[in-house]
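Number of protein chains: 4
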Amino acid sequence: MAGNAFGTLFRFTTFGESHGPAIGCVIDGVPPRIALSENDIQPWLDRRKPGQSRYTTQRREADEVKILSGVFEDRTTGTPVGLLIENTDQRSKDYSEIAERFRPGHADYTYQAKYGIRDYRGGGRSSARETAMRVAAGAVARKVLDSLVPGGVVIRGAMVRMGPHAIDRSRWDWTAVGDNPFWCPDAQAAEQWADYLDGIRKSGSSIGGIVEVVAENVPVGLGEPVYDKLDADIAKALMSINAVKGVEIGDGFAAALLSGEENADQMRMQDGKVAFQSNHAGGILGGISTGQTIVARMAIKPTSSILSPQASVDRQGNDVDVSTKGRHDPCVAIRGVPVAEAMLAVTLADHLLRHRGQCGL
Amino acid sequence: MAGNAFGTLFRFTTFGESHGPAIGCVIDGVPPRIALSENDIQPWLDRRKPGQSRYTTQRREADEVKILSGVFEDRTTGTPVGLLIENTDQRSKDYSEIAERFRPGHADYTYQAKYGIRDYRGGGRSSARETAMRVAAGAVARKVLDSLVPGGVVIRGAMVRMGPHAIDRSRWDWTAVGDNPFWCPDAQAAEQWADYLDGIRKSGSSIGGIVEVVAENVPVGLGEPVYDKLDADIAKALMSINAVKGVEIGDGFAAALLSGEENADQMRMQDGKVAFQSNHAGGILGGISTGQTIVARMAIKPTSSILSPQASVDRQGNDVDVSTKGRHDPCVAIRGVPVAEAMLAVTLADHLLRHRGQCGL
Amino acid sequence: MAGNAFGTLFRFTTFGESHGPAIGCVIDGVPPRIALSENDIQPWLDRRKPGQSRYTTQRREADEVKILSGVFEDRTTGTPVGLLIENTDQRSKDYSEIAERFRPGHADYTYQAKYGIRDYRGGGRSSARETAMRVAAGAVARKVLDSLVPGGVVIRGAMVRMGPHAIDRSRWDWTAVGDNPFWCPDAQAAEQWADYLDGIRKSGSSIGGIVEVVAENVPVGLGEPVYDKLDADIAKALMSINAVKGVEIGDGFAAALLSGEENADQMRMQDGKVAFQSNHAGGILGGISTGQTIVARMAIKPTSSILSPQASVDRQGNDVDVSTKGRHDPCVAIRGVPVAEAMLAVTLADHLLRHRGQCGL
Amino acid sequence: MAGNAFGTLFRFTTFGESHGPAIGCVIDGVPPRIALSENDIQPWLDRRKPGQSRYTTQRREADEVKILSGVFEDRTTGTPVGLLIENTDQRSKDYSEIAERFRPGHADYTYQAKYGIRDYRGGGRSSARETAMRVAAGAVARKVLDSLVPGGVVIRGAMVRMGPHAIDRSRWDWTAVGDNPFWCPDAQAAEQWADYLDGIRKSGSSIGGIVEVVAENVPVGLGEPVYDKLDADIAKALMSINAVKGVEIGDGFAAALLSGEENADQMRMQDGKVAFQSNHAGGILGGISTGQTIVARMAIKPTSSILSPQASVDRQGNDVDVSTKGRHDPCVAIRGVPVAEAMLAVTLADHLLRHRGQCGL
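Residue numbers (this note's numbering), protein chains in the order written: chain S, 1089 to 1449; chain Z, 1089 to 1449; chain P, 1089 to 1449; chain B, 1089 to 1449.
Calculated directly from the structure, the hints in this document are not laboratory data.
The list treats identical chains as interchangeable, and a pair is accepted whether it falls inside one copy or across any two copies.
As a list, the in silico SDA-like pairs of lysine to any residue whose alpha-carbon atoms are at most 25 Å apart:
1) 1154 with 1110
2) 1154 with 1126
3) 1290 with 1354
4) 1413 with 1350
5) 1361 with 1185
One chain only, chain S, in its complex shape (with noise of 0.2 Å):
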């Protein structure tokens, strides 16, 4: 229990830094003959990959996973899921300036006091690097969810506001989301989008944003009250995920300025079945999912490392002035939506475990 394991029943675990020799993840607990194959994790690495557009960091990974363990003729197995991915991209540069000096905003300092030591190649242990093993981990989990849920469970995410710039809901396409770099679901908003980040991104500055992601076709039950509730996980889950300062569901802050009429989920039945009438709740009551959609939205922070001197600190104790050269997103919130997602499908697995559990299915 020392913070590098997500999950109870779907437990997956997470080791290595930015600039060692691979990454990996250790999933517990997938059930027994799913279907699975390194075909089913890559393409959700492939959309996280950094480099693949001039928003987000220059830095190449081949980011190719492996599956060690846990599945046989393309079978899980029941037994632990080992997935590994090399780390290709180890350029030997001189590291010497941010081995002495914090930058702020990051992770350098808060390490080197908690532990007294820190690997601080490329950030190591704190860098998005990490978040990789949790999109495969995703992906392993997205395939839980469709061999467990008839008609399976769709879920997606969107980012639904770059700094100032947010979407118009009311032209949200899915389909557009794919059709830019930012998935953006407002295709309009997108084009004004990339004008604005090229101006933050040579200016040398970064800007924050809003990520949303939907699970579709959840089965009513899940959730383990009272602290275990789901809406209390999924705000771990993403609020554990690289810049991330808010968390909500459903209408979230917003719900602070309504009234009880206003913010009614009311239901009717409808071909036998109940039928919410609106969503304000976001999919959850009471900790335990509705049967509605899911809904989940996080906030980014713009990254610190940016090319205006900041003040700052070093090891020793003096000030001394920061600036980031080099490889970085201008908007990480960008490469958080495939992160979102699979942390939704990891927390939506281990509830559905749990509740199969407890309660059966």
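Given chain S, put chains Z, P and B in place with the hints provided.
Then chains Z, P and B, alone, in the frame of chain S:
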């Protein structure tokens, strides 16, 4: 791991329904030799207790806590601390209506769907009554923090928005918080809220709100990346509270609108120690406490118990209308303040012990 | 995870000291809709209760259990089941001697060394009094097993050795177990034991023993290799009982003397099902139940509370002599039988839910 | 919590099958700043490695461990330590027979029954190959113990019985342990065993054995009553090793035959410290270490892989006969020695961190 426990080393498990004979909790992992008696817990419970003003439910509970174990001669022994509160206000009333009908926005439907059975009296397990035990556990966590952290840790909360009415942060005054029934740090806003909420209450409606909690003098180094980051666990802790729909740390969702320059918390040495120039991060970087004040907020939806009839269904699958008469909170956010403080306290106590276990103190 | 909970999905946490106001436990993860009332638990507690014959301690406790939560209209609701037993026999006696002196062979010294404080009254947390809650949790586990396994699971135990006197297994008769105060399945041995133990008791001495527990009709497939193997968890469950010094499964230590031919459990099809020709393995292979009867044994040391003075030290570091007068068990193994059954029951219930979670039922 | 992890604060998760591409593990919770390199792990793996004498399986594995993460400039960083061993001896051989037939006494039948699928090649996950990762994790645990406990903790093991032939404890000589292929501390017995085992091996039979492990210089205070007692966790740790059928602490089963007087470990002050006059308890009282040497034993059954045909069934439900030709251990207990040491080491390291977390060090 069935959902009714929170924490790893400082771990508490709660039980009890709204209208059962008692509620209680067991806190396992309390360090030994800490002064503790009922007097350390009762005042925090009294702060949370309903029925103290016309703005909270008129249900009256003595909420008298008893320590059943883990304390000897007024000091903790390292063995589990058992706490019990008897339910004294179990009016024998007619629950036949609520037994069959699902109140919209409540957990009635999802509990029934998940478990195939539910204790409908007063909401059963999903009632906010359970949060009394959170407050009790939080009181013990405060003792742990104060015992192990030189100078003690100050944890306090305030309500910063009631529906459309936010406080003016320039008027923030902690001493005002105890002087109004809303835990409002802005005395002027409190007066406005009183009028506003009277209107809500009289109309049988309800309204949402936002609560802010802070922890001062938290040691640097708490948090277990990459999944049990301190902010991730705070997010879970707060989101697990009844009616919470959003959580943010530091600037939270506002950070999504900022540039890297605006969001930077620059550092300088001051009196031989690292001093941050601002606190956009809310005291947490890379999932680890920085030593700055930890700042978190949560959004609470309006209670769904309102007078105006809402469309719903019953257990037999008939369309029905539901309206709520009787004792209910027009703004449940108010009572969220002591609960949020408690959840922050238990999260910090747990992380303090975990950090001490892996890294030493 | 501070040591006072057992299990993963069916997980119970106990609290309480020998001479505090009450002992209790919370069982989290009980599946919903199982018939449960105090009447399902009390008989098992009555079997364990001390003071029922001259061979067990004369301490008298009513041991009356109350269900505080998790049950509605005599069925479980899926929420945590809180159980409480008030301590009625808290004689106000002079503990000044035991307060300062460490009884050899007891946990006095180690609790003091670990926690720097101890509740010395009656052994405090280390007292066998705590095992009452194990028996209560075991009773609930039996209900879970009987509810989920067609035909039910039969769990029963017996004492098979008292010091130098072992039973003759050819005379094993389960109906005899309830007819003597030793849970002895060999009526002839029971008579011999009665005389033998009278001598031990009168001389103020004590003696060890061996307890065997079995579970019949356990489904094939329970156990989570490679660390939470069913036998590994049974070993932990039994070894956690006071005074237990050894645990074995099936042939246990005797298997060390056998050849592969002698130890083989051959299989043949019988009525379309796999039938084992013998059960050296004790119903577990590779950490997973085979469907055969599960057989486990535990060795219990003689209680260290004896009349003859023993060399010891006191809290101030002086050499002292300690002898025990008063109510004590001459053979604590006797009271281990219901506790061992209970621990086997909770282990199986937990593994049943875990198996259902990962693999389905 | 799906069974492939061990420990709470020092927690390792293993993965890998006998004939997959690799086996590995992740150790989460390793304290920072401990010197660690492959050279600290490899020697322990070499001790366990099969194929080193004619008495162990002739399967040859290089068993070369690689550290993939968690170490920077030869010191641990507090982040998870990923370890990998590639499987080099994956002979392409014909597994068609074993694919369909359940070897009696092996996990073939139970894995198939539990998961509905199994990787039958070389036993897959149930193969003793997995224990290599236990040994690797144990090597890291030794470093943790030596780093945090002044004077270091010495953990060593020996084989004390091979089938009918026990050692003579009066001839116990730790230096002899490395001089024979059996880890036998009695040089005279070792010679006898050599002849005896040659006979077993040539006849295609197998034999059981007993292994003893000790830990010296363990601090007083380790263990988390009442369920995670140190002895309970050691029992689980050892019982989880392949083929183990019994575990005992201190006098173990022999304690069942003793009187209170015979079993007493009396105490006297010596040089200002508590000195026990004997160690029947095996270094643990009330589930907490006493500071004495911890002594544990485990009984290992004879391998079921023998030449003489055994009655069994196949996957289609036909009666078949199974006999094992080829490379197998005539006495698997031998290879259990390094594994038992490792499991004792990881259990102690975990409890050391847990104790530090709750009580401080």
